[in-house]
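> Read off the chains here:
There are 4 protein chains.
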Amino acid sequence: MSVRNRQRLSPEVRREQLLGAATRAFLRRGYHATHVEQIVEEAGVSRGTFYAHFEGKHAVFAALVDRMLQIFLDARPALPEPEVLALHDAETVLRLSYREVLETFWRHRRLLRLLLEEAVGLEKGFAARVEEHFQAWHQRVRQTLDLFQERGVAHADLDKDLAADLVLGMVERVTRRHLLGPKKPDLDRLVEALVSFELRGIASAA
Amino acid sequence: MSVRNRQRLSPEVRREQLLGAATRAFLRRGYHATHVEQIVEEAGVSRGTFYAHFEGKHAVFAALVDRMLQIFLDARPALPEPEVLALHDAETVLRLSYREVLETFWRHRRLLRLLLEEAVGLEKGFAARVEEHFQAWHQRVRQTLDLFQERGVAHADLDKDLAADLVLGMVERVTRRHLLGPKKPDLDRLVEALVSFELRGIASAA
Amino acid sequence: MSVRNRQRLSPEVRREQLLGAATRAFLRRGYHATHVEQIVEEAGVSRGTFYAHFEGKHAVFAALVDRMLQIFLDARPALPEPEVLALHDAETVLRLSYREVLETFWRHRRLLRLLLEEAVGLEKGFAARVEEHFQAWHQRVRQTLDLFQERGVAHADLDKDLAADLVLGMVERVTRRHLLGPKKPDLDRLVEALVSFELRGIASAA
Amino acid sequence: MSVRNRQRLSPEVRREQLLGAATRAFLRRGYHATHVEQIVEEAGVSRGTFYAHFEGKHAVFAALVDRMLQIFLDARPALPEPEVLALHDAETVLRLSYREVLETFWRHRRLLRLLLEEAVGLEKGFAARVEEHFQAWHQRVRQTLDLFQERGVAHADLDKDLAADLVLGMVERVTRRHLLGPKKPDLDRLVEALVSFELRGIASAA
DNA sequence: GATGAATGAGTTTTCATTCAT
DNA sequence: AATGAATGAAAACTCATTCAT
Numbered sequence: 003m004s005v006r007n008r009q010r011l012s013p014e015v016r017r018e019q020l021l022g023a024a025t026r027a028f029l030r031r032g033y034h035a036t037h038v039e040q041i042v043e044e045a046g047v048s049r050g051t052f053y054a055h056f057e058g059k060h061a062v063f064a065a066l067v068d069r070m071l072q073i074f075l076d077a078r079p080a081l082p083e084p085e086v087l088a089l090h091d092a093e094t095v096l097r098l099s100y101r102e103v104l105e106t107f108w109r110h111r112r113l114l115r116l117l118l119e120e121a122v123g124l125e126k127g128f129a130a131r132v133e134e135h136f137q138a139w140h141q142r143v144r145q146t147l148d149l150f151q152e153r154g155v156a157h158a159d160l161d162k163d164l165a166a167d168l169v170l171g172m173v174e175r176v177t178r179r180h181l182l183g184p185k186k187p188d189l190d191r192l193v194e195a196l197v198s199f200e201l202r203g204i205a206s207a208a
Numbered sequence: 003m004s005v006r007n008r009q010r011l012s013p014e015v016r017r018e019q020l021l022g023a024a025t026r027a028f029l030r031r032g033y034h035a036t037h038v039e040q041i042v043e044e045a046g047v048s049r050g051t052f053y054a055h056f057e058g059k060h061a062v063f064a065a066l067v068d069r070m071l072q073i074f075l076d077a078r079p080a081l082p083e084p085e086v087l088a089l090h091d092a093e094t095v096l097r098l099s100y101r102e103v104l105e106t107f108w109r110h111r112r113l114l115r116l117l118l119e120e121a122v123g124l125e126k127g128f129a130a131r132v133e134e135h136f137q138a139w140h141q142r143v144r145q146t147l148d149l150f151q152e153r154g155v156a157h158a159d160l161d162k163d164l165a166a167d168l169v170l171g172m173v174e175r176v177t178r179r180h181l182l183g184p185k186k187p188d189l190d191r192l193v194e195a196l197v198s199f200e201l202r203g204i205a206s207a208a
Numbered sequence: 003m004s005v006r007n008r009q010r011l012s013p014e015v016r017r018e019q020l021l022g023a024a025t026r027a028f029l030r031r032g033y034h035a036t037h038v039e040q041i042v043e044e045a046g047v048s049r050g051t052f053y054a055h056f057e058g059k060h061a062v063f064a065a066l067v068d069r070m071l072q073i074f075l076d077a078r079p080a081l082p083e084p085e086v087l088a089l090h091d092a093e094t095v096l097r098l099s100y101r102e103v104l105e106t107f108w109r110h111r112r113l114l115r116l117l118l119e120e121a122v123g124l125e126k127g128f129a130a131r132v133e134e135h136f137q138a139w140h141q142r143v144r145q146t147l148d149l150f151q152e153r154g155v156a157h158a159d160l161d162k163d164l165a166a167d168l169v170l171g172m173v174e175r176v177t178r179r180h181l182l183g184p185k186k187p188d189l190d191r192l193v194e195a196l197v198s199f200e201l202r203g204i205a206s207a208a
Numbered sequence: 003m004s005v006r007n008r009q010r011l012s013p014e015v016r017r018e019q020l021l022g023a024a025t026r027a028f029l030r031r032g033y034h035a036t037h038v039e040q041i042v043e044e045a046g047v048s049r050g051t052f053y054a055h056f057e058g059k060h061a062v063f064a065a066l067v068d069r070m071l072q073i074f075l076d077a078r079p080a081l082p083e084p085e086v087l088a089l090h091d092a093e094t095v096l097r098l099s100y101r102e103v104l105e106t107f108w109r110h111r112r113l114l115r116l117l118l119e120e121a122v123g124l125e126k127g128f129a130a131r132v133e134e135h136f137q138a139w140h141q142r143v144r145q146t147l148d149l150f151q152e153r154g155v156a157h158a159d160l161d162k163d164l165a166a167d168l169v170l171g172m173v174e175r176v177t178r179r180h181l182l183g184p185k186k187p188d189l190d191r192l193v194e195a196l197v198s199f200e201l202r203g204i205a206s207a208a
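Protein chains in written order, with the numbering used here: chain G, 3 to 208; chain C, 3 to 208; chain X, 3 to 208; chain R, 3 to 208.
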C-alpha cells in the first residue's frame, strides 16, 4: 500500500532516529513553528510511526530536555571533588572545572542551544525544570566558594550567594556567545578569561 | 449588536490600553499561549477594536519589544560619560552605572521579563533584534573597559572582549534571578557585589 | 471633534455623490471586493453619512442597478415605433434602432459594465431583475421581427423566437467587446455590421 | 474525535469527489455565498480533508475553471478541418460545428453555467482567463470566415472581425437561454437557427 | 509495526453595521 | 447631519492527533 521504505527498526533505534530528527527540526524553526509533519519528514517515517514512539510533540521535546539535563547531571559540571581541591591550588581547580564544563557544553551544543533558546518560556513547565537545574548548579558553585573562602582564596566579605550568580552568569553568557555560534571556539582562551576573572573577582587581596 | 460598554476613546489612549492589557496577558501565559481573545477580554473591548489598532498578535508583541528596546536605548545603561569618568574614580563610576541600569531594569521589570522570557527564540526575528541590542551594549561595556585600561584600573593583559561578555553575563543573571522575581530586591547589595566583582576581576594588582 | 470637511449637503446631492463614488469603487474592484470603507473614502464622507443615505452596501448597489435599468427602459431600445416603420424601409429602421441602442450603451458604459459584469450571479436577486429586462427586450425584438415578417422583409420560415435570441446575443457581444473597453468605438461600423448581418440573416430571399 | 465515516479514499478519488461537491455547492449558491463548510458538508468530509486537497475555496474554484477550459480546448469547437471543408458544402460544415459545440456545452452544462455566471467578474483573474478563451475562439471563427470568403460563401465586403463577434454572441446567448435552463433543449432547432442565420448573414448573394 | 488520509476543535481575521459624541 | 471608534457574527484556515487499512 505504501511508498516509503517501511523499514522495521528496533524501537530503540527508531526512537533515537526520531529524537535526532526532532532536534534538527526544532533547532531550525523553534518549538512552536516546528510541526510534527516536519519532524516525520526529517526522520523519513510516517506520522503513525512517530506517535507509536512518542505521545506527541510535547513528549519528544520533553525527552530532549530530559536528555540534556541528564548529560549535565552526569557531567557534574563545576563541582570540584574534595581530593582534587586538596591536591591542587584554586587556579588549577577552577581551570579543570571550567574546561570540563565548556567541553561538555561544546560537545552537546546542539541540545544546549535547544535548551537555552527554546525550553525557556515554554508554558509546560519546561522552564521550571531548567530553572531547577540552574538552582542545583548554583548550589554547587556556592559550595565551591565556601571551600575557597575556608582556604583563604576568597575574601572574607564575599557575598557568596550573589557571587555564585555572577559566576553562573559569566558562564551562561560565554556559552551563548561563543559555544552556540557556528565558529569553533578557542576554549583555552575562554577558560583563561573565566578563571582569571573569577579568581581576581573573589580574591582575598583586593 | 450587543452593547458592552462602547466606551469611545481616542486612538492613542485605546492603543495604550490595549498595549497594557496585552502585556499583562503575555506575562500571564506567554506569547504562544496567549490568544487575541484573552487580550481583548483583558482590555474589555471587542476583537474588532483590537484589529483596528494592531495588525494582529504579532504586531502588539512587536510594539512591546520596540517599546522595551527604546527604554533601554534611552537609559543608555553602563556607558560612563567622559566628564563623569574624569571626575570620579572607577569604583564610583561603576557604582553609578550599575545603579542606573538595575534601577531602570527594576522599574520596567514587567516588560523586561517579557523580553527575556518571551522575545527570545520567537521565530519572527525578535530574537535577532534583542541580540542586536546585546551587541550594542557589549560595545559600550567594551569601551568602558578600554578607558579603565588606559587609566590603569584594568590590568594590561585583560581580554577585554571576553571580559565584556563576562560583565554582561553577570548583569543578565543578577537581573533574571533578583529583579524579575516577586520579591523586592536589595539593589545596594546587588550593585556592591557587581562593582566589587568587576573591579577585582579586571584589577591591575592581581 | 472631527477632521473632515463636515460639509452639509442636501440629501439629494449627497446621495448622488455617494452613488458616483460607489460606481467608481465597484467598477474598480467588483461588488464583493469593494468595502464600504472604500466607498466612503472615495466620496470623502464618513461611514455614518453613508448609512444615513443608504441602508447598506447592498442598497447602493441596488440603486445603481435600478438606475441602469431605468435608463434602458426610458431609451426603449430597439423597438421601432409603428409610424417609423411605416415611413421607412427595414434597413433604415434597424439602423436607427441600433444606433440609438449603442449610443445609449456608450453614454452609460460605466453603469452598463457594472450591470453586465457584477450584477450577474449576485445572489440577491439582482441577476433575476436583469434577466427580466432581457426578457422584455427579447419581446420587443420579437415584435419587430413579427412586423418584418408581415412586411415580407423576413422570410416566412424564420424561427422568430430564436432569431430574437440571436439578435440579442449579437448586440450583447458587440457591446461587451467594443463599448466597454477603453477605446472609443467606431459606432458606424458596429451599426453597419449589425444591420447587414441581421437583415441578411432574416432575409426573404435566401 | 467524533468519527463521522472516516472513509479512506485515494487522494485522486477524494479530490474528484470534493470537486463534484464544490460544483454542486457553487451552483446552488454562487461563489461568494458558498462557504467551505457547505462544500465539506456536501462531500461528507471534514474541513481538514478539504484543506488537505485544496489550498482553499479559491483553489477549488480555480480547479473547476481549469477543468472547464480544458474541456472546451479539447472539444475544439467550431474549427472546421480543411479536409472537412473540402468534402462538404459550407452548410454541412457549419451544421456539424454547431452541433458539436452545442452538444459539448449541453453535456457540460453544469460546469458551463458555473463558468458563465460565476467566473466572470471575480477579481482573482478568473475573468481574464475566460476572456482569453473567448479571444481564442474568436480567432477560430474568424479563420472559418476567411475560408468561407475564399470559397465565395461569404460576401467580399464582410467585416469578418465584427462578424466573428456577432457569431460568438449568437452562440453565447443561445447557450445561456436554452442550454443552461432546466428544460431539455431541442438541439436540432437551435443548430438550424444558427446555421441559417449565419449563412444568410454572411451570404454572398444578399 | 507502519502508513497517511481523515478529523475537528481551536484560532485568527474580516468587515458590514451601529451608535455615542 | 456628520463623525469614526466600536462591535461581533461569520468566515477562513491550521495542525496535533487518531485510526482504518
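It is possible that some hints are incorrect.
All copies of an identical chain are treated as equivalent in the list; a pair is satisfied when it fits inside any one copy or across any two copies.
[What the hints assert, rightly or not] Derived DSSO-like pairs (lysine-lysine); straight-line CA-CA distance at most 30 Å:
1) K162 <-> K59
2) K185 <-> K162
3) K186 <-> K162
Hints listed in this document are in silico derivations from the structure and should not be mistaken for laboratory results.
Because the structure is a prediction, the values reported are computed rather than measured.
> For every hint, state whether the structure bears it out.
Evaluated hints:
In this assembly of identical chains, K162 and K59 lie within 30 Å of each other by CA distance neither inside one copy nor across copies; the values are 41 Å within and 43 Å between. Proximity of K185 to K162 under the C-alpha cut-off of 30 Å is restricted to the inter-copy arrangement: shortest distance 19 Å between copies versus 34 Å within a copy. Taking the shortest alpha-carbon separations for K186 and K162, only the inter-copy value of 20 Å comes in at or below 30 Å, while the best intra-copy value is 33 Å.
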